[in-house]
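So the protein sequences, as listed, match chains Z and F. Be aware that the first sequence starts at 1, since it is given in this note's numbering, and climbs by one per residue. Be aware that the second sequence starts at 1, since it is given in this note's numbering, and climbs by one per residue.
Think of the hints as simulated: they come from the structure by calculation, not from any bench. Quick reminder that beta carbons are idealized off the backbone N, C-alpha and C, glycines included. Check each hint, because a few of them may be wrong.
Said to hold, decoys possible - Derived DEER-like restraints, expressed as beta-carbon distance ranges: (1) 171/F / 679/Z: 28 to 36 Å; (2) 55/F / 270/Z: 24 to 32 Å; (3) 190/F / 548/Z: 47 to 55 Å.
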Amino acid sequence: MVRIFFQLVLICSILLWCFSPIIAQNQPTGTLAGVLLDSASNQAIVGATLRIEDHPYGTYTNTQGRFFLRSLPAGQYSVLISMLGYTARRVAVRITPRDTTRLTIHLREQLLQTNDVVVAANKRVQAVQDVPISIATVDQRAIQQRNITRLDDALRYVPGVYMARDQINVRGSSGFSLGLGSRVAALLDGFSMAAGDGGDVKFDALPMFAAERVEVIKGAGSALYGSGALGGVVNVITKQPTEQAEILFRAYAGAHTLPTYNEWRWRETLPFIGGADLGFMQKVGKLSLLLTGGIKKTEGHQAYLAVENWNILSKIGYEVSPQTTINMVFQHAEETRDNWTFWQSLRFATQPPASTNLNERLRSIKTMAASDIRHTFSNTVFGVARAGIYRTNFFTFNRGTTDPLINDIASIAYSVNAEAQITALLSEVTVLTAGTTINYNFITRSPIVVQSSLNNTQTLGSLYAQVEHKPLAGLTLTVGSRFDAEQTTSLSQSGLIASPKFGASYALTPTTTVRTSFGVGFRAPSLAERFAALRFGSFDIQPNPLLRNERSWSSEVGIQTGFEFLGEEWKLDASGFWNEFTDLIEPRFPTATNPQIQFQNITKARIQGVEVGLTGWLPNRVLGIEASATLMNPIDLNTNATLKYRTRYLVFSRLILPIGAWQMQAEYRFQGRFDEIDNEIIQVIPNADARVNAHIVDARLQANLAQLAGVPVLASIIGRNILNYNYVEIIGNLAPTRSIVLQVEVKL
Amino acid sequence: MNSKLQNSLLPCSVESDKFQKNARVHHSFFAFMLVTLLAMVCLLSACNSGLQPPAELPPTQIAGTIRYVGGWPPTVNPITRDSVLNIRVAAFRDFPPQNIVTDVLAGRAYFTPSALSLDSSLARFVDASSYSIIIPDNNPATEIRYVAVAMLVRSLFLVPASWRIIGVYTATGNQAQPGTIRIIPNTLHRADITVDFRNPPPQPF
Numbered sequence: 001m002v003r004i005f006f007q008l009v010l011i012c013s014i015l016l017w018c019f020s021p022i023i024a025q026n027q028p029t030g031t032l033a034g035v036l037l038d039s040a041s042n043q044a045i046v047g048a049t050l051r052i053e054d055h056p057y058g059t060y061t062n063t064q065g066r067f068f069l070r071s072l073p074a075g076q077y078s079v080l081i082s083m084l085g086y087t088a089r090r091v092a093v094r095i096t097p098r099d100t101t102r103l104t105i106h107l108r109e110q111l112l113q114t115n116d117v118v119v120a121a122n123k124r125v126q127a128v129q130d131v132p133i134s135i136a137t138v139d140q141r142a143i144q145q146r147n148i149t150r151l152d153d154a155l156r157y158v159p160g161v162y163m164a165r166d167q168i169n170v171r172g173s174s175g176f177s178l179g180l181g182s183r184v185a186a187l188l189d190g191f192s193m194a195a196g197d198g199g200d201v202k203f204d205a206l207p208m209f210a211a212e213r214v215e216v217i218k219g220a221g222s223a224l225y226g227s228g229a230l231g232g233v234v235n236v237i238t239k240q241p242t243e244q245a246e247i248l249f250r251a252y253a254g255a256h257t258l259p260t261y262n263e264w265r266w267r268e269t270l271p272f273i274g275g276a277d278l279g280f281m282q283k284v285g286k287l288s289l290l291l292t293g294g295i296k297k298t299e300g301h302q303a304y305l306a307v308e309n310w311n312i313l314s315k316i317g318y319e320v321s322p323q324t325t326i327n328m329v330f331q332h333a334e335e336t337r338d339n340w341t342f343w344q345s346l347r348f349a350t351q352p353p354a355s356t357n358l359n360e361r362l363r364s365i366k367t368m369a370a371s372d373i374r375h376t377f378s379n380t381v382f383g384v385a386r387a388g389i390y391r392t393n394f395f396t397f398n399r400g401t402t403d404p405l406i407n408d409i410a411s412i413a414y415s416v417n418a419e420a421q422i423t424a425l426l427s428e429v430t431v432l433t434a435g436t437t438i439n440y441n442f443i444t445r446s447p448i449v450v451q452s453s454l455n456n457t458q459t460l461g462s463l464y465a466q467v468e469h470k471p472l473a474g475l476t477l478t479v480g481s482r483f484d485a486e487q488t489t490s491l492s493q494s495g496l497i498a499s500p501k502f503g504a505s506y507a508l509t510p511t512t513t514v515r516t517s518f519g520v521g522f523r524a525p526s527l528a529e530r531f532a533a534l535r536f537g538s539f540d541i542q543p544n545p546l547l548r549n550e551r552s553w554s555s556e557v558g559i560q561t562g563f564e565f566l567g568e569e570w571k572l573d574a575s576g577f578w579n580e581f582t583d584l585i586e587p588r589f590p591t592a593t594n595p596q597i598q599f600q601n602i603t604k605a606r607i608q609g610v611e612v613g614l615t616g617w618l619p620n621r622v623l624g625i626e627a628s629a630t631l632m633n634p635i636d637l638n639t640n641a642t643l644k645y646r647t648r649y650l651v652f653s654r655l656i657l658p659i660g661a662w663q664m665q666a667e668y669r670f671q672g673r674f675d676e677i678d679n680e681i682i683q684v685i686p687n688a689d690a691r692v693n694a695h696i697v698d699a700r701l702q703a704n705l706a707q708l709a710g711v712p713v714l715a716s717i718i719g720r721n722i723l724n725y726n727y728v729e730i731i732g733n734l735a736p737t738r739s740i741v742l743q744v745e746v747k748l
Numbered sequence: 001m002n003s004k005l006q007n008s009l010l011p012c013s014v015e016s017d018k019f020q021k022n023a024r025v026h027h028s029f030f031a032f033m034l035v036t037l038l039a040m041v042c043l044l045s046a047c048n049s050g051l052q053p054p055a056e057l058p059p060t061q062i063a064g065t066i067r068y069v070g071g072w073p074p075t076v077n078p079i080t081r082d083s084v085l086n087i088r089v090a091a092f093r094d095f096p097p098q099n100i101v102t103d104v105l106a107g108r109a110y111f112t113p114s115a116l117s118l119d120s121s122l123a124r125f126v127d128a129s130s131y132s133i134i135i136p137d138n139n140p141a142t143e144i145r146y147v148a149v150a151m152l153v154r155s156l157f158l159v160p161a162s163w164r165i166i167g168v169y170t171a172t173g174n175q176a177q178p179g180t181i182r183i184i185p186n187t188l189h190r191a192d193i194t195v196d197f198r199n200p201p202p203q204p205f
């Protein structure tokens, strides 16, 4: 296994070098220097990112807010300056030979959620205006303010996204799949985080405390990200150390309130919620270091739903030379939880079925080690080679013991990924991004798969290329494709899977951009979906090696515009989308003729919809407003009925009321009920048809003690579902009831 | 480089000073009113508090006592290799039923205990035990035409052939003539059953 891993790294490194025959040329160079200041206070902004667009040059502001970019080839550049909490700016500069170009740049504070700069759309840093698809972000400030500790919690606040238990739904892409497979690719700093057995996403394995931001691409993204990006891509980007050392400590404690109804009161005392995270990051000379770790515990809002977990993450970067940087990421997370499946009945919604073994717990251990090498070959060519291995291990055990239960749910699986990517500026207006990837999945121990199939491995290899061209001022065209091949041992090899994409964005005015895109996605069935023989509740899931790839295409037209209203800046983003899916793999529940659960290629579906988002301030910045609405029409083309486990309406709104050092926020989320579910499941899950529209209201109050008392502390009271609205995110599972926590963050 | 690149991502200007104190008060009031309005909308939309436990009515159920006579078979029959793995009572809407598994999964029969789990069983190797079957409100029945005690003899829980009928509810005492129960909602219906291992009933499937 280790040998395979290093072979992949070697292959990728060789490919990277082969892709780049262009040798650095001796060109006259100059220097860019300057200072970055807050437009209101004129104070230095520390740790902001400056990146030369379409070139491999970038830096961060130092502890005095100053920046230097030396040895820049002479010419004219566009510099993109971004910093969390500020509106990004783009500045044009001219570098003259043997001279220093000096700049003083002001950034304006921005309390609302913005996504001015994105990475995931085209695997490089870009201004969002140049990206032809819908993208949303959740930044570290929103993560902190909402007390978000898991990726799924972060995604619940993204317009057009909702969770169906373990499934990320981007514009209705996913249904209910018993925790196997994901129709949205999840990445940590570009490394895939899909489990080697089930292809699913372990949400606690993506450390939110270490996240700079979470980017969500809406729509098929297989042209760059391959299998899994059927409905979208989620990329968690970790913090980047700067020269200023930073120690960050965050702790929270609170409780769920008791259920509204006596029938649901399963205990007399308030269930505890708490946790703490500690992090350190700094760049010293050529070495940069990010270390974080955390521990969390919740007693749950239902009986038999207690969860304890801990995690660590380290990211070490080293500048081998001005042209070459190496990054190494190690992440480990462990979670132990009660093995809750669904409720006993609506009458006893906080209790598991009477036959449940209340001593049974589920432990999952996730470990990821990855490395990338970034190299600048010339002024116009740079590349990255990355490789990583992701190990997942889960098993059930009886409380008080550590031994796995015999013949129960358990698996140890590996997913090895490697990629070599090259980005070349072919001309001033044309950028080529190309690369190759390989993904190798295997299971080393698992009573969940048919034993005769335990030796099955899954290999996916690909080549991809994409060209971005700017033929006219304001117009960006993107065209590309990816070609994948999949081989699962014991099965015949798939044919070549082509995933083309096309996109265009056009700046009608400096503040208005229109966009359109078309992309194809696919998802290869995971080893578990094909070979698993496991238990869901009291039912057996039977293997189905004959599963075919899921396919999708998505298209979108959209407009983003900034305008002045009531004397303040507002931003409107509107889009219409049309997604088609074929061969969707869904569990087929027991019927009168087939008393087993089996994954089958059942569904052909169409989801059309519109999405509108608006952000802005009331006059004098007294109140910030974010609002979005997504209307969808998910149709099962086989039955002409509404697609199962999909909602038609999503609404999200947030109000921000800053009052000096205080900030109040209120959020309202609406999610329409699932119109359709599997009728057969009503026989399995009592009251599975108990579903309602969800109205969730969160509220929080934050005090900046640095302004109030001169200590670097942010203190918050955070209430979730404060109206204690009772709803289900997935059938037979009462969603979290009201919780209130006190959170303290200390930044040194 | 294109001139478009000179455009800032969003207009970025210093804080305007055009708003006077009166305007600030006016706008704050406006913001307060808007927040209040939105809060009211949220509260009104969520005021029904969503799901709630169903009203506490007596369940519609069939219950009774099972009396075992004739001696239990051995834990594992040395000839047939059958085992006494699980004892259930099933109530079928139709007679003759198709089979116990298919009818339960199709909603045409009701099982006890309610959980479909191998771990759940009525008491085995006893002289008598009680049982009850809930007829769920979302899948009601007007008549139950066949109530039977079933024994799981092989571990393949969802395979119909793994089940044997060992006792039948009858109003006449003749196990070949199953009794019919007319179901009244929210009412307990008694149905006592005798299992005679020496005189098993006819297998209906």
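The hints, checked one at a time:
Checked against the given bound of 28 to 36 Å, the beta carbons of residue 171/F and residue 679/Z, roughly 34 Å apart, stay inside it. Take residue 55/F and residue 270/Z: their Cβ atoms lie about 27 Å apart, and the range 24 to 32 Å holds. For the pair residue 190/F and residue 548/Z, the beta carbons lie near 54 Å from each other, so the given range of 47 to 55 Å is met.
When the structure is compared with the earlier hints, no violation turns up for any of them.
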